[in-house]
Each structure stands twice: as C-alpha cells, then as structure tokens.
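Asks: Use these hints to put chain D onto chain G, whose structure you have.
Protein chains: 2
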Amino acid sequence: MTERSVTHATFRIERTYEAATPEQVFFAFADKASKRRWFVEGEGWQIDSFEMDFRVGGIERSSFRFQGGPQVSNETVYHDIVENQRLVCAYSMTVGEDRISVSLGTIEISATEGGTKLVYTEQGAYLDGHDNVAQREAGCRELYEALAVELQRNRNAA
Amino acid sequence: MTERSVTHATFRIERTYEAATPEQVFFAFADKASKRRWFVEGEGWQIDSFEMDFRVGGIERSSFRFQGGPQVSNETVYHDIVENQRLVCAYSMTVGEDRISVSLGTIEISATEGGTKLVYTEQGAYLDGHDNVAQREAGCRELYEALAVELQRNRNAA
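One line per chain: the protein sequences are G and D, in this order.
Quick note on the numbering used here: the first sequence kicks off at 1 and runs consecutively.
Quick note on the numbering used here: the second sequence kicks off at 1 and runs consecutively.
So here's chain G without its partners, still in its complex pose (with noise of 0.2 Å):
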C-alpha cells in the first residue's frame, strides 16, 4: 500500500524576452504547433500524445517518455485566460501509474521596455514523495528558456 502524503509549496519565475512582444508570448502559450515545439519536444523524448484545446474549461493532455523510460502524463485544465495577459490552469503529472503531483499555474504577462516580461507562479501539491519543488522549478526554468528558443523561431520565421 501506498503512504500517502503530500508536500505544498510554491515558487516564481520571472523571465523577459527581448525584442518579443506580449502577442508573439501568448501566440506560444494560444497556438497549438508553436507550444508543442517549446513545451513537449525535447531532446531525446518521445511524444506518444498531444491535445490542447485552448479555452476556458478546455483540456490539454500530452504523454511523453524520456529513452524508454516509463510514460510521462500531463494533464492540464485552463480556468482563466485573459488575451495577450494572463493564464490560470491546473495540471496534474503522472509517471506511470502514479499521479506525482496536482498544480495551480499562473502565467502573467506584459510589456517591458524592449521586450515582455514573464511572470510564472506556480502552487504546487507534491503527492506520495514522487517528486519535489526543486525538480518541478528546474523543469520549468528550462521550459522558459526553450520559450525563448521558440520566439526567435518564430521571429526568424515572420
């Protein structure tokens, strides 16, 4: 049997993209094939899965594994979405049979001279011992940095 327990904790991150504005930051958050590209592919990862459907009370799940390792599972749920400033969902994680962890992200966005800041807030409840705060803020760190990969993508790209 399992021993249940769960750890809370929070952490922000905050990150500016020079030369991005605030629509070229939400279109990577709104457009189905530019999140996929900066949010689910990685190096050295299979994708098994990818929906988003991106609206309020709209559903995003992507399976994934790392070398063969067991399925990765995220699934998230937008509760509010503001255009071109703001999104509130909550994602659970699992990891094969186990659901890992259950969190409340906020994603704020705006205008900086030359560019657009990034304010990520993200609550978390840690389920079981499966993981922790320090893992899940490095793994997000890494996400906005592929973020900016993408918005030059996607510059160069225009």
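It should be emphasised that the hints constitute simulated quantities derived from the structure, not laboratory data.
Among the hints, a few may not be true.
Distance ranges between label pairs, derived from CB positions [as the list claims (entries may be wrong)]:
(1) G/GLY129 with D/TYR144: 25 to 31 Å
(2) G/ALA33 with D/PRO70: 37 to 43 Å
(3) D/GLU3 with G/ASP53: 27 to 33 Å
(4) D/GLU3 with G/GLY69: 44 to 50 Å
(5) G/ARG153 with D/VAL119: 41 to 47 Å
(6) G/TYR144 with D/VAL119: 29 to 35 Å
(7) D/ASP48 with G/PHE54: 24 to 30 Å
(8) G/ASP48 with D/PRO70: 42 to 48 Å
Keep in mind the model is a prediction, meaning the values are calculated, not measured.
For each residue, glycine too, the CB sits at the ideal point set by N, CA and C.
Replies: Below, chain D alone, put in the same frame as chain G:
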C-alpha cells in the same frame, strides 16, 4: 478595461470531527446529496444549479445567489481521489461576469483518537482585486463547521 492583478496566498485549516470515521467524512464529499447539504445549501442562499461527477477528471458545478444578489458560480475539477484519505481539486469562482479566483484545494483525511482529522490546504490565485485570502479562509472555516453538522445528521439518520 479591467485592471489585471493576481495575488497568491496559501492557508491551512485543521478540524477534528469527534465520533466520525474517515469513511463517514469521505462520504460527505463523495455523495452528491450529502455534499449539497453542507457545501451548497445555506440560510438565505438560492441554489440555481448543482451537478457533480465525482471521479478523477470529473467536474462539479454549482451556481447560487444570496438574497437576490448576483449569481456566484463554483467550477471544480477533481485531479486526485484516494478513497477515505485524500482529494485534490482545482476550482474557479465567478461572481456575475467576473472570475474572482482560481484555487487548488487539498483535503487530507486521517483517523485520530476517537474521531477523524481533516486538513484542508488551499493555494489560491485571487484575480483583479475581486477577492482575498482572509475572506476565503473565513468562508472555508464556515463550510467545515457545516460539515460537522452534516456528519452529526448522517449519524442520527443511521
């Protein structure tokens, strides 16, 4: 145009229910009629709707108004359910047209000497100045008092 802002805050409520078992406390969350009595109904409140699909990925929706005031709605998504032990859900609240908050709620249930301990942790994002953590915590404390009355009622009916 609405001035956008988000305030993040966490609170925790511990409440011991004497003479109740974890199964009885869990039942009051899992059973639609019981949940409606303590969670939705209340003196002076008109219930416009209440639906509940108690399973992981399922949704609970309630709409109500206080003495002819604006409609208040709660939309809850169940992310994690461990029978008799734990619930993790995310919920958003709206008043009229305004979404006032999105929160992650964790309910932990455990047997204690002669009763059951419930620990509720809420990690909230309060939107655009429409609500605040002190008010939310006070509201939740009232709900967990109403749960005590419901548990007594269910014992009397047994």
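Asks: Provide an ascending list of the numbers of those earlier hints which the structure does not satisfy.
Replies: Of the numbered hints, all hold.
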